[in-house]
Amino acid sequence: MTIANKLNYRQPLHRGVLDPNRIRATQAGMWAWLWQRISALAILVFLVLHLTLTYRPLLQFCLLFTVTFHAVLGLRVILIDFGLVHVRYQKLLLAGLGLLGAVMLAIVWFGIY
Amino acid sequence: MAETKGGKKTFKVFRYDPAKGGEGHFDTFDLEIEDYYATTILDVLFRIQREHDQSLSFRYACRVAMCGSCGMVINGKEGLACKTVVADLKTPEITLRPLNHFPIVKDLTVDMEPFFKKYEEAMPYFDPAEEASEPAIVRPDTWERKAIDMATDCIACGCCVSSCTMAFWHKDYLGPAALNRSMTLLADSRDGLHDERLATAMESCYNCRLEFNCTEVCPKEISPTRAIKYIHRMAISQGPGLAQRLSPAPEPVALPAPEPLTPEMSRRRFLGRSAVSLGVVAGAALVGLVSVSALSAAFKKPECKWVSLGPLEKLTAAPGEVLTIYADYSLEDGFYKRQEHKPVLVEMDREKNKVTAFNSRCTHLGCTVHWDQQKKLFLCACHGGTFFPDGTVKSGPPPRPLDRYETKVSGGQLYVLEA
Chain A
1 MTIANKLNYR QPLHRGVLDP NRIRATQAGM WAWLWQRISA LAILVFLVLH
51 LTLTYRPLLQ FCLLFTVTFH AVLGLRVILI DFGLVHVRYQ KLLLAGLGLL
101 GAVMLAIVWF GIY
Chain B
1 MAETKGGKKT FKVFRYDPAK GGEGHFDTFD LEIEDYYATT ILDVLFRIQR
51 EHDQSLSFRY ACRVAMCGSC GMVINGKEGL ACKTVVADLK TPEITLRPLN
101 HFPIVKDLTV DMEPFFKKYE EAMPYFDPAE EASEPAIVRP DTWERKAIDM
151 ATDCIACGCC VSSCTMAFWH KDYLGPAALN RSMTLLADSR DGLHDERLAT
201 AMESCYNCRL EFNCTEVCPK EISPTRAIKY IHRMAISQGP GLAQRLSPAP
251 EPVALPAPEP LTPEMSRRRF LGRSAVSLGV VAGAALVGLV SVSALSAAFK
301 KPECKWVSLG PLEKLTAAPG EVLTIYADYS LEDGFYKRQE HKPVLVEMDR
351 EKNKVTAFNS RCTHLGCTVH WDQQKKLFLC ACHGGTFFPD GTVKSGPPPR
401 PLDRYETKVS GGQLYVLEA
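Those protein sequences? They're chains A and B, same order as listed.
Quick note: full-length UniProt numbering has the first sequence finishing at residue 113, numbered continuously throughout.
Quick note: full-length UniProt numbering has the second sequence finishing at residue 419, numbered continuously throughout.
Don't take every hint at face value.
Below 27 Å or equal to it, Euclidean Cα-Cα: the simulated DSSO-like pairs (lysine-lysine) are [stated by the list, open to error]:
#1 Lys90(B) <-> Lys91(A)
#2 Lys91(A) <-> Lys220(B)
#3 Lys90(B) <-> Lys5(B)
#4 Lys146(B) <-> Lys91(A)
Treat the hints as calculated values from the structure; they're not laboratory data.
Okay, chain A solo, but in the shape it has when bound (with noise of 0.2 Å):
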């Protein structure tokens, strides 16, 4: 007989479970891989009412935004898919790539729409 047997073992904890301190153990590639999921949604809610209701300037920058921050949390996953940047680089990628997509937010924004 097992050990595994004899003993009446618990069922494994999981992330988070009776722990006060996970979230703020939680780190950038974490929460990156978890608001890119959150984004998609998003994307999903704002087409649809962008598609219903047209032209509130409001609902066209959520969009936007929500596009804007999606890809750019998608381009940082290609790039460390292609090893185009170093894993070790990736929390500057975050920062860099999010600063692009802030500036390419504005120039669409304010430039052209």
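Use these hints to put chain B onto chain A, whose structure you have.
Same frame as chain A, but now just chain B:
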């Protein structure tokens, strides 16, 4: 020398007794720490065991961050109890709990069997490609050695697996530690089990979602994410044909007479060829379109010409009224000519002897603007856009006033400059 500082700290330690069962709970211990910088979490656990509760269970061996036995979740982040000093943890209350994703044996002790089972699946052993009488020489300055480099420092503590959320969501995922080990052998040119190992690694390497949790928590500062990305790239370059290499094709035998194509085969071939042809045509069309658009603009500036709207004396309108006059003219645009028949909105002020002509295209999406005599406004066909008689925007999406044409009167005719 590090600053000496001490004080009181509260430790919340996860407790689970297999004899009692249940879900487990946290026990709180208040300790007076003499020196935050000289006290490790392992020291704290020893003190709790000696001074407060002898039944506290935890695992340790080397005490110098070499064996990986004392891996646990310290303040929400995985780490080695023997390597983490109290000074690293800034909160007044410090939580200690067992590693995630492993069955809990007692208190902070987990069963590492799932970890080593997956480690075994990744084939963590070296099998030389060919028998060699002399030991192989791998120079430290070679690219191969640098690629492997620190990934060999893994002590199999399980911290990375505990931090990886994908290890929880995908039960078959080998996890960062096993894939890191796999990578150290895959990158080794002497590896005799390369194809088998790559096939196993490829089964699970795409479960990585680039969260970098493993890299963040690794006590040996290894980046399993980097190792997994290495496997990804290796899968792209060596993955195609891997199945054939693993199960080589049988010896060729004499070919039988070619059979006529079955309808299914011929249909598949036809669809394949059609898809390729369509792709080529669409690609060529796209390239052509882009080239023509880019080149035509570069080679030829848009032609501007004076277009007649008719004799000025015939253009009569009541005060405050705007006339809609259709202008007919031909225009060269790029490589082709087109006939235009478009309305021009003309506002006439006989008293001031002034003529203003507006482009009837909306400045938003280019839809048609018309003059509403009752409202005395220009109305836009799209989404309620409205312009004042002077062309400025009253409401709606158009971002700027109506475009005005340059006008001139010559030989009694009214002309507008049209591009």
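Cross-check of the supplied hints:
{"no.": "1", "hint": "Lys90(B) <-> Lys91(A)", "result": "22 Å, holds"}
{"no.": "2", "hint": "Lys91(A) <-> Lys220(B)", "result": "19 Å, holds"}
{"no.": "3", "hint": "Lys90(B) <-> Lys5(B)", "result": "13 Å, holds"}
{"no.": "4", "hint": "Lys146(B) <-> Lys91(A)", "result": "23 Å, holds"}
The structure shown violates none of the earlier numbered hints.
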